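Student: Sequence:
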Amino acid sequence: MKLQVETPKTLVSLAKWDKANTISEDDNYYYIGAMVTNSDLAKFAHTQPNVSLLAQALLSGATVQLRNRATTAGNLLQRTRCYYFYDTTKACNKREPGTGCSAYNSMNRIHAIFGTSESCIATHPSDMAVAMIALNAQVHTQQPDGNTRQIALRDFYREPGDTPHIETQLDEDELITHVSIKKKANGTQYYHKVRDRSSYAFALVSVAAGLKIEDGRFKDLSLAFGGVGTKPWYPQKAISFLEGAEPTQEVILQAAEAELSKAKTFGSNDFKPELLRRTLTKVLLELAEHQVKHPGHEGALYDNA
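Counting in our numbering, the sequence shown runs from 1 upward without gaps.
You may find that some hints are simply not true.
[Unchecked claim] Capping the alpha-carbon separation at 30 Å, the derived lysine-lysine pairs in DSS-like fashion look like this:
hint : residue 1 : residue 2
1    : 16        : 183
2    : 282       : 182
3    : 183       : 237
4    : 182       : 219
5    : 219       : 282
[As the list claims (entries may be wrong)] Here are the in silico distance ranges between beta carbons for each label pair:
hint : residue 1 : residue 2 : range
6    : 15        : 96        : 27 to 33 Å
7    : 174       : 275       : 33 to 39 Å
8    : 185       : 286       : 15 to 21 Å
Treat the hints as calculated values from the structure; they're not laboratory data. Because the structure is a prediction, the values reported are computed rather than measured. We put the beta carbon where it would ideally sit given N, CA and C, even for glycine.
From just these sequences and the hints, can you work out the full model?
Tutor: Below you can see the structure in the form of C-alpha cells.
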C-alpha cells in the first residue's frame, strides 16, 4: 500500500480479535493464533525443543521492530518481494493479471527455480512458512457461514500456473484463525539461510531440516526449502530418497538431484541449483554428525537465539 501497489477501498482491523492473539497447547498439538506476533511466537518456540526450528526461522528474518508487529497469518500471506511486482511501470501478472512477467526474460537473480510458469517466476519470501512446512503445520480457516477448514500448509499455497494472482487455497471471504503443529520429536533442527548480507535480507536459498539418526541412517526427516520456489517448497522427492538412507555426501547429492530434476533456471538465477546442493549437504551432514555424537538430542543445532 505504501508504494501504491495495492489500493484497497476498505481496511478491517482485527486487533481486538482476542482469541487469535493466543498460543495454547494440549497433549497433542500447539495452537498458534492468527494474530500472534512473530516476536511472541519466536519466544515461545525457543522454549519448546521440538519446534526450535520455528524460532530459528523467525529470528533469521526482518528486524525486531517488524517482528513485534508482524503476525502469524500476515507472515503466511505476505506477497512476493519480486522487483517487478513493486515497480508499477513493469508488467506483472501477480499485480495485474494478463500483463506478462517482466522477470521471465530479464534480471531474475532472486527468482524461483521450482513451481514456475511462463506467467510467473516470483519466490515466496517467508522464512516462517518454510519452517512450518518442515514441521507439517496445519492452517485452520473460517468462512462467513461459520464453516471451518483444515489445510496442510504444504498444500496451502498454489503454484502460479496461469493465475499467479491467486496464491493460496483461501476463498476471498475466508480467514485464517490459527495454525496447529503436532507435538512430536523432531530431533536436531537447523534453519540455514543463505542471503546477500547477514542481516535483514531475504533468502537466496534456505533449508529447514530436522532429523534423527538411528542405526546409522536418517530417520523422521523433516525438510523444506525457501528462496527457490514460487511457494515455500516441500521437497517430496528428496525426502523419499533420504528417509532410511545413510547420511553421506554422495547420498545427499543424489537426493538433491532427484529434487532438482524438475527445476528450471532463467539466466540470472542459474547459480541456485548448485547453491541448493551445497546448502542441503551442509545442513544434513552437520545435523547427522550432531545426532551421532548426541543420540536422542531434541532441539536446535546451534542455539543463537
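Student: Taking the hints in turn, state whether each one holds.
Tutor: Verification of the hints:
Under the criterion of a C-alpha separation no larger than 30 Å, the hint pairing residue 16 with residue 183 is consistent with the structure, at around 29 Å. Restraint check for residue 282 and residue 182: the C-alpha separation of about 27 Å stays at or below 30 Å, so the hint holds. Taking the CA atoms of residue 183 and residue 237, the gap is about 25 Å. The hint holds against a cut of 30 Å. Using a Cα cut-off of 30 Å, the hinted pair residue 182 and residue 219 holds, with the two alpha carbons roughly 17 Å apart.
In summary, the hint linking residue 219 to residue 282 is supported, as the alpha carbons are separated by about 18 Å, within the 30 Å threshold. With their beta carbons about 31 Å apart, residue 15 and residue 96 fall inside the hinted range of 27 to 33 Å. The given range of 33 to 39 Å is respected by residue 174 and residue 275, whose C-beta atoms sit roughly 36 Å from each other. In this structure, residue 185 and residue 286 meet the distance hint of 15 to 21 Å, their C-beta atoms being roughly 19 Å apart.
Checked against the numbered hints listed earlier, the structure breaks none of them; every hint is satisfied.
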